[in-house]
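Novice: Heads up: the protein sequence lines correspond to chains A and B, in order. Heads up: the first sequence begins at 14 in the working numbering, then just goes up one per residue. Heads up: the second sequence begins at 34 in the working numbering, then just goes up one per residue.
No lab work stands behind these hints, which were simulated from the structure alone. Quick reminder that beta carbons are idealized off the backbone N, C-alpha and C, glycines included. Just so you know, not all the hints are guaranteed correct.
Said to hold, decoys possible - The calculated lysine-lysine pairs, modelled on DSS-like cross-linking and capped at a C-alpha distance of 30 Å, are: (1) A:Lys-133 <-> B:Lys-96; (2) B:Lys-205 <-> A:Lys-133; (3) B:Lys-307 <-> B:Lys-210; (4) B:Lys-307 <-> A:Lys-133; (5) B:Lys-246 <-> A:Lys-133; (6) A:Lys-133 <-> B:Lys-337.
Claimed, not checked - Here are the simulated distance ranges between beta carbons: (7) A:Ala-283 <-> B:Asp-134: 40 to 50 Å; (8) A:Arg-182 <-> B:Lys-311: 28 to 38 Å; (9) A:Leu-126 <-> B:Arg-400: 37 to 47 Å; (10) B:Ala-414 <-> A:Leu-126: 32 to 42 Å; (11) B:Gly-287 <-> A:Phe-128: 29 to 39 Å; (12) A:Glu-169 <-> B:Thr-209: 47 to 57 Å; (13) B:Asp-134 <-> A:Val-127: 20 to 30 Å; (14) B:Gly-102 <-> A:Gly-115: 44 to 54 Å; (15) A:Tyr-271 <-> B:Lys-205: 27 to 37 Å; (16) B:Asp-261 <-> A:Lys-179: 46 to 56 Å; (17) B:Gly-66 <-> A:Ala-283: 50 to 60 Å.
As the list claims (entries may be wrong) - Anything over 10 Å on all C-beta distances counts as not near chain A; from chain B, calculated: (18) Met-76; (19) Ala-100; (20) Ala-203; (21) Gly-207; (22) Arg-234; (23) Gly-248; (24) Ser-257; (25) Gly-263; (26) Lys-291; (27) Ser-331; (28) Val-335; (29) Asp-371; (30) Gly-411; (31) Gly-417; (32) Lys-427.
Each chain, written out:
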Amino acid sequence: MFYTIIEQVVNGIVSGSVYAIVAVGMTMIFGVLRAINFAHGEYYMLGTFGAWFAIEYFDLPYPVAIVIGVVATAVIAVVVGNIVMQRIVGAPAEAGVLATLGVALILQNTVILVFGGSYKFFSGGYIEPVTLFGFTLAEQRILIIIVGLIVFIGLELMVTYSRIGKAMRAVSQNIECCAVVGIDVRHVALWTFILGAGLAALSGVLTAPVNVSVYGGMGELITFKTLPIIIMGGLGNVRGTFVAAMILGIAESLVATYVGLQFRDTVGFATLMLVLMWRPHGLFSAQARF
Amino acid sequence: MTIELSRRGFCIGTALVGVQAMSSGAFARTEDGTVKLGLVAPMSGPNARYGAFSLRGAQMAVKEITAAGGIGGRKINILAGDSQGTPVEGVSATRRLIDQDQVDYIIGDVSSSVTLAMQPVAEDAGVLLLNAASSNPKITYKAGVGGFKWTYRNYPTDENRALIVLQYAAEKKGFTKYAVLSVDSDYGRAAIEFTKKYLPRFKSQILTEDYYKEGEVDFRSVLSKIRDSGAQAIIMYGNADSTPIVGRQMMEVGIAGKIPLIGNAEFNTEKTIKAAPKALEGAIEAAAWLPAYDSAKSKAFVEKFTAEFREAPNNHAYVHWETVHLLAKAIEQAQSIDREKVRAALSSIHYASAVGDVTFDDHNQARLPMILLEIENGKPAIKGAYSAEIDYPK
Chain A
14 MFYTIIEQVV NGIVSGSVYA IVAVGMTMIF GVLRAINFAH GEYYMLGTFG
64 AWFAIEYFDL PYPVAIVIGV VATAVIAVVV GNIVMQRIVG APAEAGVLAT
114 LGVALILQNT VILVFGGSYK FFSGGYIEPV TLFGFTLAEQ RILIIIVGLI
164 VFIGLELMVT YSRIGKAMRA VSQNIECCAV VGIDVRHVAL WTFILGAGLA
214 ALSGVLTAPV NVSVYGGMGE LITFKTLPII IMGGLGNVRG TFVAAMILGI
264 AESLVATYVG LQFRDTVGFA TLMLVLMWRP HGLFSAQARF
Chain B
34 MTIELSRRGF CIGTALVGVQ AMSSGAFART EDGTVKLGLV APMSGPNARY
84 GAFSLRGAQM AVKEITAAGG IGGRKINILA GDSQGTPVEG VSATRRLIDQ
134 DQVDYIIGDV SSSVTLAMQP VAEDAGVLLL NAASSNPKIT YKAGVGGFKW
184 TYRNYPTDEN RALIVLQYAA EKKGFTKYAV LSVDSDYGRA AIEFTKKYLP
234 RFKSQILTED YYKEGEVDFR SVLSKIRDSG AQAIIMYGNA DSTPIVGRQM
284 MEVGIAGKIP LIGNAEFNTE KTIKAAPKAL EGAIEAAAWL PAYDSAKSKA
334 FVEKFTAEFR EAPNNHAYVH WETVHLLAKA IEQAQSIDRE KVRAALSSIH
384 YASAVGDVTF DDHNQARLPM ILLEIENGKP AIKGAYSAEI DYPK
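Isolated chain B (complex conformation) (with noise of 0.2 Å):
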């Protein structure tokens, strides 16, 4: 019985399957000249601020392009899925914009586990999937020569970063020892394994690791292990919302000011830093962006975001906001937006960033720079920007 229901499920699925994979193989993306752009980042759960921010950013870019003219004459038209974060709910939002939204673009996610797991639908479908805001290395180790063709990202890897990082604390501070508290997820996961590739490089060992589930809230006992193990500094690639609560409860078992954190957690924001200021002095971090970074574009972008939204932008905004120009420059050198032509372009544009010219590897990845900043006296100072070129797997 059944095996019967299932073996009918399972016909009328592929069925189904079948009809959905001729009827946008027959049928030509409508050609009224809008070019459709799907947008897909958490727009709730825990991560919903980064959605937030993210479709501000991108709505933007679409803004000063319509004012501009379009591209070539043609409007954006942005479509938002919620990804809430999550694989599963990514995969479907990108289903949605690809099926019934009949999307030509997608840029998407923000958090690593969701856009791995949208490499495989976009690359089905044969849609560009132009990622913002990803840093897991592998979304590009799979990308370009290393398979998927329609995926590439505008955005640095951890690898970068936690090489960046390293080298840093290991030269300017003469860390050696650390203990790792990062997030459970494949963002935090892989930015450890990549610091942890380039320990040895520096003399340097971790004494603890640990890994928190988003939504934690309660760090003390883990914090009380490592101010316990004579670690020099806390390895954080996390999440922004948890940094004020793990800074609250350094502050509480008294290792605030003394073992400073260090990674990618949003530790520069104003917010982050006033909810405990003792706990973040000396922090130090490698952002793809940061709104004082010095650059006349830069400048101009934060001052014109917090005009129209009363308040600052965030690393999320201003990634989106360049991707959608990044791809507006790709479409308008491709003189069409034929997905094929488009990507073309992509692969040889030299486009002018607010951090750098932006020009992407054989396997899709941009090369961008990544800028290190410390916290002094309450505030981000910036100590430079470095690049590194991606030694992909053989």
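Next up, chain A with everything else stripped away, as it sits in the complex (with noise of 0.2 Å):
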């Protein structure tokens, strides 16, 4: 009994740290940008395409993949980011929802009318069980667990100590006194845009090899999936949204063990609806800063 809560917390926070990865460039980009990216999943998607592709095509090794799936998807950020994201800084709310659900459908559906909308096997990865403190897991899971603690620790260096970060964090409190001290607003949009991008490809990539299916719908239940963790965290929250993240992962897990499977996709609206009713700036924040 007390052995299977144990191993289903350990798989919640597998889980987890998948969410963690993908919510983290989300949050960012809501923090810079005041848009939630609903196109978020599709840079997911986009990263495993992209890693799939070198793998099937070229036969290049997993680690090569990884790294040609995160560019490419930071290329096609550069690209959407000029062309759409940075535009909307400073634009109403609504306009940031219909251009980035707008990118989303036609992320999609280039992906689906150049491979086919049919699933793809990934096969590349580290997929051996090994055991560890008695449980066996995936050597991917492990290096997806060890990715997000490196990707966090990272970011919390990166916003504390990096000049592109501090200006990531003051363009989240105030616009319009970032212009006047000088910071180029739209470039810290940019940058900011890039790298969300790249997370949620890296985090595709790194999933992949567990969930061996690729297709070109696959970012929409991630992007549904994210929604409810950054909102939890309190949207720009970088910390906050960690911890969310693994509260989601462990919820599920164990609502798959005891509830059943099919109420599993409940747990993330659920809690969504109970924070937006009692705490809507999130679990972590005093008071809501927007």
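Bring the two chains, given one by one in their own frames, into a single complex with the hints.
Specialist: Below, the structure written as structure tokens:
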């Protein structure tokens, strides 16, 4: 009984790490652009497709495929960032919703048009199970947890110490003041967006070996899983997002075990409703920031 | 205000429906001799692969019929509709085929939920709906003497399948304790309902019961639960695309090779086995058809399909190929494309399919055998063909 609970918590932490890497990008983009990026799952999908393409067509090893998936997505993010996302800075909220939904449709359908709508088989990665402290996990999942931790520590250091990181925090606090003191807001917005999209792609490539299937519509589910997490974490709050992702991952895992797998997806939305009712500014901030 | 608006909307809507009904009633379908055949299948979405195979199978049959001079000189024109695997889209695709493309016959859908929703639409329009790939028994419970006169099904049902799988597992393997992990759809749920109907006969029981959403990727929690439950086999009626994921995660939680999968979710394809060879070893599956089936007609089909599309056909390709040929034979026997006559011909048809002779019962359900196979040393081994007459609820 106790063993089962611990094992399910470990399972939850694994899926929580995946959610966290995707969600942190989305929450940072929100912080700077004040727009929910509804196309965020699509960058997750693009990263996976990039890696799949590298493995399937050029027979490249998985580590190289990770780099290709992330870089390819970053390049697309540069294009989308320049054409679409920069214009959202300071625009009304509905502009962001429409623009990102549109981008999501375009990206998803372009991939379906090019590669077909069918499921692809992702053959890379480290899927051999290993036993750690009595739990068996695929090596890939351990990699996911480690990368997740590195990403979060890296981000914390970046926003605290680096120039661009400080600029990101400044822009998320007050756009007008940033412009006054000479911070290039559009430049910061673009880089935040590329970073967020790249992280989503990284998460996609890392999970592909355990999820096996790659298909054009795979991003949607991710966007909808991420949404409750970033709201729970407090929009724009990096640390809050990490904790919220873990909470959702563990809660989902326990529900799947003790209630039933069919109720798993309700966890995110049920928490979303509760949070919106009682703590609309997220679990971790004392008051609303915006 | 709102009442006024909606009333106006309602009036316009009713008028439109009236006009539509009149137009399709008043004007006979185009009699230029071409047979207009609608194909509703999931061309996009999570089941898009099924749709692609279905369309290819149907197209190949049409090509063959055209090459042989058509049906008494008539050509067949296939019009595809995308159901995206959802009832809502399936119904709109069906409506479009009937109202705009004016088809006389529809083959569709793969998903049972979609077919169930399409049935009343085809019935209202008096268009023959010939299903080739849905296995929910309710579809033909409600057809023929059960109600819908225009629905036919050339595919075995889940009731046959559930019984045959359970019988094989109990008698040949000695299993009595099962875990359920099926897809959360009409297909997955109904298959388990019928399994439960026959459980007492084999003194068996279900220990855990879970249903996954289409597109689910994390089965670890539920598989660990199954591992600790003491189940001897996992009954799975699911999606082919989820099977490799489940297989890989079975290897992770350490039940691969210990608790086999039984049921139906394309355990026997090369791709699936390659994804998780250890997890699929010993899997038992009842299939309507599979590429390895040993009959001359079946072998010829596989060879031709593989040559044409550079990919081996799956079950959906086969059933759609066979069903187009079946429909062509009915039209040929009716010596007309008049829908009433074709329907009558279908009811009394004797068609030699690749798996055996096809006839329809009074519920418009084809009598068909199912092929039972077990994965042995990474290859599907055929354990024989079984059939069962359906016991319709009175």
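Novice: Please go over all the hints and tell whether each is borne out by the structure.
Specialist: Now for the hints, and whether the structure bears them out:
1. A:Lys-133 <-> B:Lys-96: holds (28 Å)
2. B:Lys-205 <-> A:Lys-133: violated (35 Å)
3. B:Lys-307 <-> B:Lys-210: Roughly 28 Å between the alpha carbons, so the hint for Lys-307 (chain B) and Lys-210 (chain B) holds.
4. B:Lys-307 <-> A:Lys-133: The hint holds at about 13 Å.
5. B:Lys-246 <-> A:Lys-133: The hint holds at about 19 Å.
6. A:Lys-133 <-> B:Lys-337: holds (24 Å)
7. A:Ala-283 <-> B:Asp-134: 40 to 50 Å: holds (43 Å)
8. A:Arg-182 <-> B:Lys-311: 28 to 38 Å: Since Arg-182 (chain A) and Lys-311 (chain B) have Cβ atoms about 49 Å apart, the given range 28 to 38 Å is violated.
9. A:Leu-126 <-> B:Arg-400: 37 to 47 Å: holds (42 Å)
10. B:Ala-414 <-> A:Leu-126: 32 to 42 Å: holds (40 Å)
11. B:Gly-287 <-> A:Phe-128: 29 to 39 Å: Cβ of Gly-287 (chain B) to Cβ of Phe-128 (chain A): about 34 Å, so the range 29 to 39 Å holds.
12. A:Glu-169 <-> B:Thr-209: 47 to 57 Å: Given about 54 Å between the Cβ atoms, the range holds.
13. B:Asp-134 <-> A:Val-127: 20 to 30 Å: holds (28 Å)
14. B:Gly-102 <-> A:Gly-115: 44 to 54 Å: With a Cβ separation near 50 Å, Gly-102 (chain B) and Gly-115 (chain A) satisfy 44 to 54 Å, so the hint holds.
15. A:Tyr-271 <-> B:Lys-205: 27 to 37 Å: holds (34 Å)
16. B:Asp-261 <-> A:Lys-179: 46 to 56 Å: Cβ of Asp-261 (chain B) to Cβ of Lys-179 (chain A): about 50 Å, so the range 46 to 56 Å holds.
17. B:Gly-66 <-> A:Ala-283: 50 to 60 Å: Holds, since Gly-66 (chain B) and Ala-283 (chain A) (Cβ atoms, about 58 Å apart) stay within the stated range.
18. Met-76: violated (7 Å)
19. Ala-100: holds (27 Å)
20. Ala-203: Fine: 25 Å to the nearest Cβ keeps Ala-203 (chain B) off the interface.
21. Gly-207: holds (27 Å)
22. Arg-234: Arg-234 (chain B) clear of chain A: closest Cβ-Cβ about 26 Å, beyond 10 Å.
23. Gly-248: The assertion about Gly-248 (chain B) is violated, with a minimum of 6 Å to chain A.
24. Ser-257: violated (6 Å)
25. Gly-263: Gly-263 (chain B) clear of chain A: closest Cβ-Cβ about 13 Å, beyond 10 Å.
26. Lys-291: holds (13 Å)
27. Ser-331: holds (24 Å)
28. Val-335: Per Cβ check, Val-335 (chain B) is outside 10 Å of chain A; nearest 20 Å; holds.
29. Asp-371: holds (37 Å)
30. Gly-411: Fine: 16 Å to the nearest Cβ keeps Gly-411 (chain B) off the interface.
31. Gly-417: Per Cβ check, Gly-417 (chain B) is outside 10 Å of chain A; nearest 31 Å; holds.
32. Lys-427: Label holds. Min Cβ-Cβ 32 Å, cutoff 10 Å.
Of the hints listed earlier, those the structure fails to meet are numbers 2, 8, 18, 23, 24, in rising order.
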